[in-house]
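Engineer: Using the sequences provided together with the hints, build the complete structure.
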Amino acid sequence: MISIQQADFDVAAEYAALRDTDPSAGAIATFSGLVRDSGDLSGVTGLFLEHYPGMTEQVIQGLIDEASSRWDVRRVRVIHRVGALALSDQIVFVGVSSAHRGDAFAACQFIMDALKTSAPFWKKEQTDQGEHWVEQKASDVERTDAWT
Amino acid sequence: MISIQQADFDVAAEYAALRDTDPSAGAIATFSGLVRDSGDLSGVTGLFLEHYPGMTEQVIQGLIDEASSRWDVRRVRVIHRVGALALSDQIVFVGVSSAHRGDAFAACQFIMDALKTSAPFWKKEQTDQGEHWVEQKASDVERTDAWT
Amino acid sequence: MTDSKITVRFFARLREELGTEHLDLNLPEGSTVADVQTELASRGGTWAQLTGSQPVLAAVNQAMAKPATPVRPGDEVAFFPPVTGG
Amino acid sequence: MTDSKITVRFFARLREELGTEHLDLNLPEGSTVADVQTELASRGGTWAQLTGSQPVLAAVNQAMAKPATPVRPGDEVAFFPPVTGG
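Residue numbers (the numbering used here), protein chains in the order written: chain A, 1 to 148; chain B, 1 to 148; chain C, 1 to 86; chain D, 1 to 86.
Quick caveat, the hints were computed from the structure, so don't treat them as lab data.
Don't take every hint at face value.
[Claimed, not checked] Now the in silico label distances, taken between C-beta atoms and shown as ranges: (1) A/139 - B/54: 40 to 46 Å; (2) D/48 - A/17: 47 to 53 Å; (3) D/52 - B/65: 33 to 39 Å.
[Said to hold, decoys possible] Below, a list of computed lysine-lysine pairs in the DSS-like style, where the Cα atoms sit at most 25 Å apart: (4) D/66 - B/137; (5) C/66 - A/137; (6) D/5 - D/66; (7) C/5 - C/66; (8) B/124 - B/137; (9) A/137 - A/124.
[To be verified] Selected chain B positions facing chain A (Cβ under 10 Å, derived; list incomplete): (10) 33; (11) 37; (12) 101; (13) 104.
Glycine included, each C-beta is placed from N, C-alpha and C at the ideal position.
Structural biologist: Written out as structure tokens, the structure is:
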């Protein structure tokens, strides 16, 4: 399930939903991304997140489908917030349940890595010095390429 | 922080504690292991987990220290239950916060993999056919060796 | 020659610098994404960046597209900078 | 010759099959983990598995040990099967 939303999310509820599966799922891997004070520049005080409604969901569904074909995956949950976010706010959640720990880790990390370089979201950082659009990092692109 | 305990644990509280760090921590990776119905044999109805008190904590602390030296790690939380567990019960939790997503994933997965092959815990599975001590899996050993 | 009316959308830095969220465009049949970019860049000013040195990504009907991707009547074309979510 | 009294602990399948959680042992000075295993295996019966074909791991003072690891008076030696937690 995919949610793109302005509202905050509750990792406890998401974890409970991932856990409430068939008893063959013995592994749950999760990742949460938070607004940190050092992005492109230091002194970040907040973010604004823009996205391309419709395309975003399609791209993420494609990543979930690819993960499900490559690994033994039971449930996948992706949440990404948009709009204005403050320092330490939650931005993104990816949770995967699987029968196997290696598959849960791999699918969770693949979706996170690929989301960062292919899902149409854009971050604008606010700092004491003003605001600016974040530049894509070469290291993020390399990380995604490593999965192919 | 390491806890070896009979009692269940609350992933929501653990996540909140990992999140409540310095604002430079932008990534939280977690893993939870649950009792699943297919272990060494199918039809698993429960587990008994034995450990070596004292040594277990020392081994896990060594893994946390190693992870902290290899990756940028802010907080690490490891919980492992012992005693009698039922189907779908939580067994183990590893949570790592970091400034970077790659480091959070790597440290979390390394600790889980190495815990499975080096921390003195032993599982006895209960099935409809009786009970038996679980055998160590070659695939788990290979997975840990891959980190060296 | 039949004209094909398409919708063009802009996001993030491009949206701000062009001062435009979306516009409609009439293009000759057989046009491609590259033709849309060239047509818009010819407006000059900040529009020139659509064929400039900074990378500009394109989507057609909400799927990633290449310069040679054909654009048909009714299509939604979007231009945006490299993505930075997560 | 001084005797060195050590504590030996057993876990999991070994503990059950030996019917023993722990015992005290007197060993000659200069003994090793291998000597402890040989001494206990010589009791015969289920004890023979301590030097049998199934892998048996050893720890001295709660740190993993090898057959050649020395055992000193007061040490805690433990034997157990390969671990299966997580």
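Engineer: If a hint holds in the structure, say so; if it does not, say that too.
Structural biologist: Tested hints:
no.	hint	verdict
1	A/139 - B/54: 40 to 46 Å	holds, 41 Å
2	D/48 - A/17: 47 to 53 Å	holds, 52 Å
3	D/52 - B/65: 33 to 39 Å	holds, 35 Å
4	D/66 - B/137	holds, 21 Å
5	C/66 - A/137	holds, 21 Å
6	D/5 - D/66	holds, 20 Å
7	C/5 - C/66	holds, 19 Å
8	B/124 - B/137	holds, 14 Å
9	A/137 - A/124	holds, 14 Å
10	33	holds, 6 Å
11	37	holds, 4 Å
12	101	holds, 6 Å
13	104	holds, 7 Å
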